[in-house]
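**Q** In order, the protein sequences belong to chains A and B.
Under my numbering, the first sequence has 205 at position 205, and the numbering climbs by one with no breaks.
Under my numbering, the second sequence has 102 at position 102, and the numbering climbs by one with no breaks.
By construction, these hints were calculated from the structure, which means they are not laboratory data.
Treat the hints with caution; some may be incorrect.
A short list of chain A residues far from chain B (calculated; beta carbon distances all over 10 angstroms) [said to hold, decoys possible]: (1) Asp66; (2) Trp70; (3) Pro115; (4) Gly116; (5) Arg122; (6) Leu124; (7) Asp129; (8) Val171; (9) Ser175; (10) Leu177; (11) Ala218; (12) Glu249.
Listed next, the stretches of chain A that the computed footprint assigns to chain B, with coverage defined by at least 3 CB atoms under 8 angstroms from CB atoms of chain B [as the list claims (entries may be wrong)]: (13) 146-152; (14) 156-169.
So the derived list for chain A, only partly shown, Cβ under 10 angstroms to chain B, looks like this [as the list claims (entries may be wrong)]: (15) Asp108; (16) Val138; (17) Val221.
Backbone N, C-alpha and C define an ideal beta-carbon position, used for all residues, glycine too.
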Amino acid sequence: MTERHECGRPPSELAAAALPAAAERRREPSRAQLDGRTAPPRFSFRSSTGEASKPAPAEAKLRTEDLEVWYGPVRALKGITLEMAANRVTALIGPSGCGKSTFLRALDRMNEVIPGVRTTGRVLLDGQDIYAPGVDPVEVRRRVGMVFQRPNPFPFSVFDNVAYGPRRHGVTSRSELQAIVERSLKEAALWDEVKDRLRAPALELSGGQQQRLCIARALAVRPEVLLMDEPASALDPIATGRIEDLLTELARSYTIVIVTHNMQQAARVSDSTGFFLDGQLIEFGRTEEIFTRPRDPRTEAYITGRFG
Amino acid sequence: MSRSFKPGGFGALRVSSVRPLEGRNQPGLGGGASRLAAAKRVRERWVFGLLGLLSLAALLPLAVILSYLVVGGLPALSWDFLTRGPSNMMRSGGIFPAIAGTFFLVVGSSLAAVPLGVAGGLYLAAYARPGLFTRLIRLAVGNLAGVPSVVYGLFGLSLFVLFLRLGVSVAAGSLTLALLVLPTVIAATEEAARSVPVGWRHASLALGATQWATVRHVVLPGALPGILTGVILAVSRAAGETAPIMFTAAAFFLPRLPTSPFEPVMALPYHLYVLSTEVARADPAVRLGTALVLLLLVLGLNLVALTLRARLRARRRGEIV
Chain A
1 MTERHECGRP PSELAAAALP AAAERRREPS RAQLDGRTAP PRFSFRSSTG EASKPAPAEA
61 KLRTEDLEVW YGPVRALKGI TLEMAANRVT ALIGPSGCGK STFLRALDRM NEVIPGVRTT
121 GRVLLDGQDI YAPGVDPVEV RRRVGMVFQR PNPFPFSVFD NVAYGPRRHG VTSRSELQAI
181 VERSLKEAAL WDEVKDRLRA PALELSGGQQ QRLCIARALA VRPEVLLMDE PASALDPIAT
241 GRIEDLLTEL ARSYTIVIVT HNMQQAARVS DSTGFFLDGQ LIEFGRTEEI FTRPRDPRTE
301 AYITGRFG
Chain B
1 MSRSFKPGGF GALRVSSVRP LEGRNQPGLG GGASRLAAAK RVRERWVFGL LGLLSLAALL
61 PLAVILSYLV VGGLPALSWD FLTRGPSNMM RSGGIFPAIA GTFFLVVGSS LAAVPLGVAG
121 GLYLAAYARP GLFTRLIRLA VGNLAGVPSV VYGLFGLSLF VLFLRLGVSV AAGSLTLALL
181 VLPTVIAATE EAARSVPVGW RHASLALGAT QWATVRHVVL PGALPGILTG VILAVSRAAG
241 ETAPIMFTAA AFFLPRLPTS PFEPVMALPY HLYVLSTEVA RADPAVRLGT ALVLLLLVLG
301 LNLVALTLRA RLRARRRGEI V
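Just chain B, with the same shape it has in the complex:
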């Protein structure tokens, strides 16, 4: 039916959407066409309304979680809460060792994952020739990204903690988290390296620069904003993971900081898990406060990544003008 109305409908649509005022006193268009146009306008409004509502629904959970945590956890937040260790069997006191432990794990996993991931991403973008080997690498990276985090935890336990005898420690936990973020860092690096204009790469090669010099002096600087953003996003995700560190790094209760990378630490997500499941009669404010701190940490890191990206993009736009 709509097919047979097509010419009139198209005309009506054009008139109504581009020149709505003139459309009303167009004598040439039949009543059927304008009725159709009106129906289309109504449908359009409905669809837009529905889509808008649905996208609002996506915002809702975050808003609810955030307000729940703020209402419940904000009273617990204080300078002491952030700078003191837990007391009274973790029923009160602060969470400083957990914040510091998460910080160590984040830094440690970045130290391990960034060089490896950036190298892998650059290889895939600049060196890898299409073939079986490259396909295998891509397949492995893709599958690595899909492995559940608890599997990483068990893998880290058997490889780093037991086999390599690192024990339950910052080192073992960092390496486990590094494996978790590696695929993201590789993918972000490859994408960022590919977004560097091919003309720059060719220009460099045509000047007699080696492939490595081209990567080092043209591709890497151009890809840096994208790599940085990808790394921060990946690491902020790792900061919130519980399962990978549960068996490899996290201490149930350790009210002091580790003295070496081969000691266990407290960490925010695991501390939160312990508070929620193992500690009887814990103050809910301590629990919610911990959750709030963790969430703010992750959101803060994301915010840093986004502003960094926006800034570097703006700078690059400025260059192109």
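Here chain A stands alone, though its shape is the one from the complex:
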């Protein structure tokens, strides 16, 4: 199921094409159900076929107001105002170079790591501007975690990778670290695969396992928001499927913002979708609407594969 394959179809069919996989996956008992928790009703494409629920009302966890990012003289983001709901998956789509990754990195002040980047506007996390004077970017990044495009585990053991964040934040007790590592690896659906080799080098894991390890590592510092920059683009379809399943699980406890090139992925995993083009937010709305009834002709052109 490649994107190219869907290119010629109208958006409604594209959306429909994403359905079988999603429906199939949902028939499997979810990890949360195995854990004894019950899944709260979530909006998904299933509802468009008349089967399921309405979305529970969600608070805005993150909000940007007139956010602009400049690379030297180049304005990469042009006044983005966008709300990301708590405990929901927000997907950002758009062609390469449209600014969606820049937007994502602005949400945890990771753009500042690159010299010559200037940010204006506001990013409100629980109503508090993370760019306000006196706000420590280090604290922002603890509350807003990030998973990168390419799996980037440290050249340490599996255990030390997950324990890295907590250790930097002052957790020294062995038993406490062990508990955090176990919980994080379980949350990232990796525990069963690595519980017998926590001392093995992380770089010996497969690519998909490495990416889930990176997710576990990010979860270990108990962030409130998880930003993911094309987390599955370097992975094979099976590993991608596992990451997508995981996203659905994680949205119960975390607010997730995901950048993706893969529109079916956006359709499968997200509640809301924003379409970026040339540094601007062209359209933002419920994923179902964006993919079935886009209001902007440019959105329609993009999701039907006419460009990008």
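Place chain B on chain A using the hints.
**A** Below, chain B alone, put in the same frame as chain A:
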């Protein structure tokens, strides 16, 4: 001319280099093309031969020097030569004080240069923002590397020996040598720190680790092999320097070891210089033996650096698989 032959020539080259056997009975290619291909093959052989010969020439001086020293100096090498002091106005006896002095100078200069150089290199790699200040630092480091060693010697004399009143001593000589190796250590550290994958640094920062924690726990461990190699290479070069220690540390003749860092020492390169210029009727075997010991010391250090690098690289490769 070659331009007009290009299509045929290209085809011929492809055929002759990739499928040489089939190329011979390709009827489609004209005689001109195959003649051209043959000419190219001949030229290729000549060029490779010439380049091989030239690279052999680079090996030649080392081989000649080494064999000259081994033939002339090996007879002088003995346990006594390495463990005894000089005797008979340095015309005979051993060179132990010079070996020990060079050792002290190497250790002393490392103690001074490594913390400074590693700190500077890490700053340039991890903290420095592009700007005038950073450009100035880089310029200074680059120029420092180009300063002739005798200038370091005179600078060390005026600053450490005279102004700071350290006297001609191990301390003054070590600090002077430290200045000499500092640019190399900075450059090696910066390069090694930059070679640490940027993804690791970003991952650490994104977890809410501070810049310093990132440098300390991710960048430094990753850069350590490169830093170590750079330091050893720099120090091995310093071990062979004469000019910087001539006015700052080296004693003409001192058949005992220093009792404190503020005393002068004998050192191998300077001892060799003295034997060659100041001592009349010195046994050439003592001279060549000293040179051989110095050379083996430097080559030995280089060998340590290279094996260390190879090993750590191999280990890192193993990790990535």
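**Q** Of all the hints given earlier, name the ones this structure violates by number, lowest first.
**A** Structure breaks hints 3, 4 and 11.
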